[in-house]
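Protein chains in written order, with my numbering: chain D, 1 to 210; chain R, 1 to 210.
Hints in this document: simulated from the structure, not taken from any laboratory.
Careful, some of the hints might be misleading.
Unchecked claim - Stretch-level coverage of chain D by chain R, calculated; a stretch enters the list once three of its residues show a Cβ under 8 Å from a Cβ in chain R:
hint : stretch
1    : 83-89
2    : 110-116
3    : 178-191
What the hints assert, rightly or not - One-sided excerpt, in silico: chain R residues whose CB lies under 8 Å from chain D:
hint : residue
4    : 33
5    : 36
6    : 104
7    : 108
8    : 110
9    : 120
10   : 122
11   : 154
12   : 157
13   : 162
14   : 170
15   : 180
16   : 182
17   : 202
Every residue gets a Cβ at the ideal spot worked out from N, C-alpha and C, and that includes glycine.
There are 2 protein chains.
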Amino acid sequence: MAKSKTAEKLDASTEEKIKEAARTVFHKKGFAATRTRDIAEEAGINLALLNYYFRSKARLFEIIMLETISVFVQAMALALNDEKTTLGEKVERVVTSYIDLIEKEPDLPIFMLSEIRNNPDLLLVKLPIKQAIMGSVFFRQHHEAVTQGKITEPSPIQFLMNLIGLIMFPFIASPMLKRIGDLKEEDFNRLMQERKRLIPVWIEAMMKAS
Amino acid sequence: MAKSKTAEKLDASTEEKIKEAARTVFHKKGFAATRTRDIAEEAGINLALLNYYFRSKARLFEIIMLETISVFVQAMALALNDEKTTLGEKVERVVTSYIDLIEKEPDLPIFMLSEIRNNPDLLLVKLPIKQAIMGSVFFRQHHEAVTQGKITEPSPIQFLMNLIGLIMFPFIASPMLKRIGDLKEEDFNRLMQERKRLIPVWIEAMMKAS
DNA sequence: AAATATTTTAATCAAATGATTAAATTTTTC
DNA sequence: GAAAAATTTAATCATTTGATTAAAATATTT
Chain D
1 MAKSKTAEKL
11 DASTEEKIKE
21 AARTVFHKKG
31 FAATRTRDIA
41 EEAGINLALL
51 NYYFRSKARL
61 FEIIMLETIS
71 VFVQAMALAL
81 NDEKTTLGEK
91 VERVVTSYID
101 LIEKEPDLPI
111 FMLSEIRNNP
121 DLLLVKLPIK
131 QAIMGSVFFR
141 QHHEAVTQGK
151 ITEPSPIQFL
161 MNLIGLIMFP
171 FIASPMLKRI
181 GDLKEEDFNR
191 LMQERKRLIP
201 VWIEAMMKAS
Chain R
1 MAKSKTAEKL
11 DASTEEKIKE
21 AARTVFHKKG
31 FAATRTRDIA
41 EEAGINLALL
51 NYYFRSKARL
61 FEIIMLETIS
71 VFVQAMALAL
81 NDEKTTLGEK
91 VERVVTSYID
101 LIEKEPDLPI
111 FMLSEIRNNP
121 DLLLVKLPIK
131 QAIMGSVFFR
141 QHHEAVTQGK
151 ITEPSPIQFL
161 MNLIGLIMFP
171 FIASPMLKRI
181 GDLKEEDFNR
191 LMQERKRLIP
201 VWIEAMMKAS
């Protein structure tokens, strides 16, 4: 009732509690499979309160989604735009920070990619993702390395696909991989930790091979 | 009404038409976001008929899902169990056949991986996926190559993650990649076709690098 | 502490959706 | 070609689910 005039005065902890619960449930089940009642229960509040704070499931989802993508892009953009690091160091940083991030929140990659597929325009138009990556120091350095013959594969998009794919795919496919390889949670995590060291080595070898 | 006694006599084309429509809609939207009415409309039949043939949305889904996973595993298992091909040739075949398959049905990977995540037990227990891959000729050859020092990375699971990830990830992330790289559908497809040649080269370089 | 503003909830609504039923239509059998 | 079986449909039910409302509870102000 007092929302529109005084949004800034509302207890932030309740609003944050709902958002936190929404993040958890949305990330785990995706938009379509999520019930607003699940979020309310997870947050320990009544269903009506959720709509009081966020008007609708769709609006709450959009807020969570934009924050989630933002975290992802930010982590990438920061590493890729450091003037002080070399190309190889950038790869190492991206690999390490993403593997640590995703190990803490394993649902993140498949959540993001599924929901982006369902609604690419809504979610990607709003973020300056293209500029943040294609205009980065990283891509300038990549281009220089190609010019100097240090890298034989000239497409930066191929580079990006390989880097992100090698990082994220195992997490996306983890239920299947655990089954195939008969891996416990800890076995799987050990493999992911090993990949922090391996992926930079692999990437370097790949980019000189084609 | 006459279903249970004479299932084998039902017109296969109608049943198949419904399954075909279900495949299309489920693959595109996933289980939770799919409405049985969407499937009926796609198939050009009435909603009740869908339940007459398949009893429920869940049962229809399970049939589609098992077939879909089966296609995937089969394609992999066939290539990996050929006694006549070398390790490198197997990689080439897997890469080529999967890229062609997925280019025809781009929703396949993310559909499979999302739904497996939602219900790993139901879907993976029923298929002898572990045995089909871990007991394959491919893995014997991989082990031999490691023993002979031709491959320095000893874990076949890391090998598998890299191979499948390099193939499937770009399709999973395609909406985002198209946006980042400013790629039209045809640009993207061209990159995927290039990867038929590139991935085997990359894989070889990687496996000798670590 | 009374008055006012803010926060929270229980109860309810309306639309969407999975499923059923009984009757109509078409096909097959004899 | 009449009877029986199989197929298809329109209409309807029951549950789920997103959203609203009006009132109760709590906090804040004066």
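Comparing the hints with the structure gives:
| no. | hint | in the structure |
| --- | --- | --- |
| 1 | 83-89 | violated (count 0) |
| 2 | 110-116 | holds (count 4) |
| 3 | 178-191 | holds (count 6) |
| 4 | 33 | holds, 4 Å |
| 5 | 36 | violated, 14 Å |
| 6 | 104 | violated, 17 Å |
| 7 | 108 | violated, 12 Å |
| 8 | 110 | holds, 6 Å |
| 9 | 120 | holds, 4 Å |
| 10 | 122 | violated, 11 Å |
| 11 | 154 | violated, 11 Å |
| 12 | 157 | holds, 4 Å |
| 13 | 162 | holds, 6 Å |
| 14 | 170 | holds, 5 Å |
| 15 | 180 | holds, 5 Å |
| 16 | 182 | holds, 7 Å |
| 17 | 202 | holds, 4 Å |
Hint compliance for this structure: hints 1, 5, 6, 7, 10, 11 are not met, and every other hint is.
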